[in-house]
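Participant: One-letter residues, chain by chain:
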Amino acid sequence: MYPFGSIPSNLVAFGDLLRREYGFTVGPRELQDTARVIEFVDLADESAVRNALRPILSKTRDNAEVFDRAFSRFFFPGPPGVEQPEQEAVERALGKEPSQTEKRFPEEGGVSPAAAGDEEGGPGRAGAIIAPAATEKPDVPPPFLARAGYSPLEAEALSESPRVGPVACVWRDAARLLVRRLHLGLLRGWRPATRGPRFDLRRTLRTSLQTGGEAITARWLRRPRRTPRFVLLIDGSRSMGPYAQTALQIAVAIASVTMRIEVFAFSTGLECITKDVRRAAGGERRSLDRLQHAWAGGTTIGRCFREFIRRFGGRMTSRDTVLIIVSDGLDVGESDVLGGAMSELHRRSAGVVWLNPLLETPGYEPTAEGMRTACPYITTFSAANDVAGFARLSRLVRVGASRRHV
Amino acid sequence: MRDAAAIRTRFRARGFIVDDAFATALEIMQALTKPLLIEGPAGVGKTESAKVLAEVLDTRLIRLQCYEGLDAMAALYEWNYPRQMLHARLSETGALTLDQREAEIFSERFLLKRPLLEAITQERAPVLLIDEVDRADEAFEAFLLEVLAEWQVSIPELGTIRARQKPHVIVTSNRTRELSDALRRRCLFLWLPYPSLTQEIEILHARVPGLSDRLARQIAHMMQVFRGLSLQKAPGVAESLDWAMALMALHCDHLDAETIEQTLGCVLKVHEDSEVFAAHHAALEATQVESRDFGLGSVSTPDA
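The listed protein sequences derive, respectively, from chains A and B. In terms of this note's numbering, the first sequence has 295 at position 288, counting the first letter as 1, and numbering is strictly consecutive. In terms of this note's numbering, the second sequence has 19 at position 18, counting the first letter as 1, and numbering is strictly consecutive.
These aren't lab readings, by the way, just hints derived from the structure by calculation. Virtual Cβ for every residue (Gly too), placed ideally from N, Cα, C. Among these hints, one or two may not hold up.
To be verified - Here are the simulated distance ranges between beta carbons:
| # | chain 1 | residue 1 | chain 2 | residue 2 | range |
| --- | --- | --- | --- | --- | --- |
| 1 | B | Q123 | A | G203 | 32 to 38 Å |
| 2 | A | A175 | B | V271 | 45 to 51 Å |
| 3 | B | L198 | A | R205 | 50 to 56 Å |
| 4 | B | D254 | A | R318 | 39 to 45 Å |
| 5 | B | R15 | A | R229 | 42 to 48 Å |
| 6 | A | G192 | B | V271 | 22 to 28 Å |
| 7 | B | D59 | A | R195 | 33 to 39 Å |
Claimed, not checked - Under the rule of at most 20 Å between Cα atoms (straight-line distance), these lysine to aspartate or glutamate pairs were calculated in the DMTMM-like manner:
| # | chain 1 | residue 1 | chain 2 | residue 2 |
| --- | --- | --- | --- | --- |
| 8 | B | K114 | B | D132 |
| 9 | A | K282 | B | E139 |
| 10 | B | K35 | A | E46 |
| 11 | B | K234 | A | D207 |
| 12 | A | K282 | B | D182 |
| 13 | B | K234 | B | D214 |
| 14 | B | K270 | A | E351 |
| 15 | A | K282 | B | E240 |
| 16 | B | K234 | B | E276 |
| 17 | B | K234 | B | E151 |
| 18 | A | K282 | A | D69 |
| 19 | B | K167 | B | E139 |
| 20 | A | K282 | A | D296 |
| 21 | B | K35 | B | E158 |
| 22 | B | K234 | A | E351 |
| 23 | B | K35 | B | D182 |
| 24 | B | K35 | B | E109 |
| 25 | B | K35 | B | D132 |
| 26 | B | K167 | B | D135 |
| 27 | B | K52 | B | E262 |
| 28 | B | K35 | B | E147 |
What the hints assert, rightly or not - Sample of chain A residues with no beta-carbon within 10 Å of chain B, all distances over it, derived:
| # | residue |
| --- | --- |
| 29 | S65 |
| 30 | P204 |
| 31 | H353 |
Same shape as in the complex, but just chain A (with noise of 0.2 Å):
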């Protein structure tokens, strides 16, 4: 009844499905995990095997959700109700190409894969293991196509999808003093250091060791600078134009100097792309075609903040966190939603950094009803087109206690 003939290899395929589609952390580790826990728990009891491997293999909650989707899939491609179908007892070679395996199981119907545990699936078949290429999917056009907004005027700036890719050791410099020069307060943990206000009995006497009991070096205790955390919300529509693309460039040059930095685009939609830029902060380039409804259409600022206070909010808005929006201001949603959102995130954060392009245009006020809207709850209002414009930004942000004042 399983994809494939032993249970070993069962696993690996179903951690491989796991890891390449659904984007699970899945090691050595965790199948050896998975290997031991199947000896106890009865292979007769499908839930009972769900609720085992499932602690083991999902690490988050995004994870836990799809779970079981996932394992419908793999190991109940059939309709529900009915006997599986069995299936060839398959030798499947580690590091292979996936043409194989991809063969043999094709996707039906070439569904996301989000959406492919809840679609019955025909008989005789099992889930697929690769998602197949682009051109075996006929009735999903690829993913490119289904951007928002596509406008053929506009199709110099918007043929490609954008791309985050390493930047420029000046990008680099500008972020660490930016980071650097943020003064978010103490932490409320004391540590050692040479100097400080407190005084540390425990090193002084530990010191005191080598001085034969006497304690000559006196030790100190100080509390350390709270690190800030990143936000980057970042403006994608197509009014941005050319200045979406420095917003990444800004994106990464954080990436490059803190890990503590998570970025999203928006547009009519919300997409995280903090993997992308962390990776680009780490020397490669990338393409960010999967953003879709996030890039390049029109700006509904409001509801993609509130979705951002909904969905992340809670784990990413701090008092140490700097939140960091860069866009031009030009809504089409409703203000009081966008009033309410920048409340809400100008009350989690240690302040609101909004950048705007246009800004540097002679004779711009922010007078557009989504910027007006804004503009009480933004504690730094400046524009970074350019690295120099980027440099001077960390001699302007205004954080934590001194924000109230600006």
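Put chain B on the given structure of chain A with help from the hints.
Facilitator: Structure of chain B alone, referenced to chain A:
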């Protein structure tokens, strides 16, 4: 206790209702001796589950409450300096050699064990609860990884202390920040959602003895309504238990508009949320239970 069904019954006997997924997770946590990371909204019983597990296993519960600025010293061990100094002064005139005196000062007598060290020096494997790990900072997380992986602690003055028994570790997180992948990978993961309607009724009966079935159903229904609204702080199981106790104390046998209004503070803890709730009368009316005495405005009718 390596059987999901047995875990379920024993937890139930202590008033903690677990579903199959949770029971199996507890089972494999013991089988694989890996930490179990439980995430979920506030007030669904993450911490409580560790307490009950300790009771069920008849062992000690050692709790490490994480907070911002928690450092290795507060979690692991500390020397009792004042006592050491005192001892050093008092034994100055003794006949012991310097080495002997030093060995004495840095002996276990002067060691203050903090939760992590305490947990690995037990004869019988305790339940170690690392509560709200998301509140501690990343540096502490890295330190925790080391302890959880090796189960040994090196004290320069004493040497390495190895775990006699690996504790059963439960790590909880409220998701106020994203945990590192490394920590996640070392743990089994369980997402503990809000209980379903029937589960919640069961929980209410188990935890609040003497609660009438009707009231329990009404409270559970209301909770579903509350959690369906977009509130800033959705009420958890803890809130519904509080509410049930409060209603018992007020001698209410059913919920009506007035009672809800009076006791709303047990459930909704943010002012804006009460406003949201007030604006959702309609949604509330739609979820009336069969007894038709439920919801704002429709007070119980005698024929129901």
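Participant: Now tell me, hint by hint, if it's right for this structure.
Facilitator: Here is what the structure says about each hint:
Restraint check, B/Q123 to A/G203: a C-beta distance of roughly 36 Å satisfies the suggested window 32 to 38 Å. Evaluation of the 45 to 51 Å hint for A/A175 and B/V271 yields a pass: the beta carbon distance comes to about 47 Å. The hint said 50 to 56 Å for the Cβ distance between B/L198 and A/R205, and at roughly 53 Å that hint holds. Taken as a hint, the range 39 to 45 Å holds for the pair B/D254 and A/R318, whose Cβ atoms sit roughly 41 Å apart.
At roughly 46 Å, the beta-carbon separation of B/R15 and A/R229 lies within the given 42 to 48 Å, and the hint holds. Taking 22 to 28 Å as the suggested C-beta distance range, the pair A/G192 and B/V271 conforms, at roughly 26 Å. A C-beta distance of roughly 37 Å is found between B/D59 and A/R195, which places it inside the suggested range of 33 to 39 Å. A distance of roughly 18 Å separates the Cα atoms of B/K114 and B/D132; the hinted pair therefore holds under the 20 Å criterion.
For the given pair, A/K282 sits about 19 Å from B/E139 by alpha-carbon distance, which is consistent with the 20 Å threshold. For the given pair, B/K35 sits about 16 Å from A/E46 by alpha-carbon distance, which is consistent with the 20 Å threshold. Restraint check for B/K234 and A/D207: the C-alpha separation of about 41 Å exceeds 20 Å, so the hint is violated. The hinted pair formed by A/K282 and B/D182 meets the criterion: a straight-line CA distance of about 13 Å does not exceed 20 Å.
Proposed proximity of B/K234 and B/D214 is contradicted: the alpha carbons are some 27 Å apart, above 20 Å. Straight-line distance between C-alpha atoms of B/K270 and A/E351 comes to about 17 Å, which keeps the hinted pair within the 20 Å bound. Among the hinted pairs, A/K282 with B/E240 is inconsistent with the structure: their alpha-carbon atoms are about 37 Å apart, more than 20 Å. The straight-line distance between the Cα atoms of B/K234 and B/E276 is roughly 13 Å, inside the 20 Å bound, and the hint therefore holds.
For the proposed pair B/K234 and B/E151, the alpha carbon gap of about 38 Å is over 20 Å, so the pair is violated. Restraint check for A/K282 and A/D69: satisfied, since their Cα atoms lie roughly 16 Å apart, inside the 20 Å limit. Proposed proximity of B/K167 and B/E139 is contradicted: the alpha carbons are some 24 Å apart, above 20 Å. As the CA atoms of A/K282 and A/D296 are separated by approximately 14 Å, the hinted pair is consistent with the 20 Å bound.
For the hint pairing B/K35 with B/E158, the CA-to-CA distance comes to about 29 Å; that exceeds 20 Å, so the pair is violated. Proposed proximity of B/K234 and A/E351 is supported: the alpha carbons are some 14 Å apart, at most 20 Å. Only pairs whose Cα atoms come within 20 Å are accepted, and B/K35 paired with B/D182 is accepted, the gap being roughly 16 Å. Taking the CA atoms of B/K35 and B/E109, the gap is about 28 Å. The hint is violated against a cut of 20 Å.
With a C-alpha separation of about 16 Å, the suggested pair B/K35 and B/D132 falls inside the 20 Å cut-off, and the hint holds. Our distance criterion of 20 Å between C-alpha atoms is broken by B/K167 and B/D135, whose separation comes to about 23 Å. Of the pairs offered as hints, the one joining B/K52 and B/E262 is violated, with about 33 Å between alpha carbons and a cut-off of 20 Å exceeded. Under the criterion of a C-alpha separation no larger than 20 Å, the hint pairing B/K35 with B/E147 is consistent with the structure, at around 13 Å.
Once the 10 Å rule is applied to beta carbons, A/S65 is inconsistent with being away from chain B; the minimum gap is 5 Å. Here A/P204 stays apart from chain B, with its beta-carbon at least about 15 Å from theirs, past the 10 Å limit. At roughly 15 Å from the closest C-beta of chain B, the C-beta of A/H353 stays outside 10 Å, upholding its exclusion from the interface.
The structure fails hints 11, 13, 15, 17, 19, 21, 24, 26, 27, 29 (numbered hints given earlier, in ascending order).
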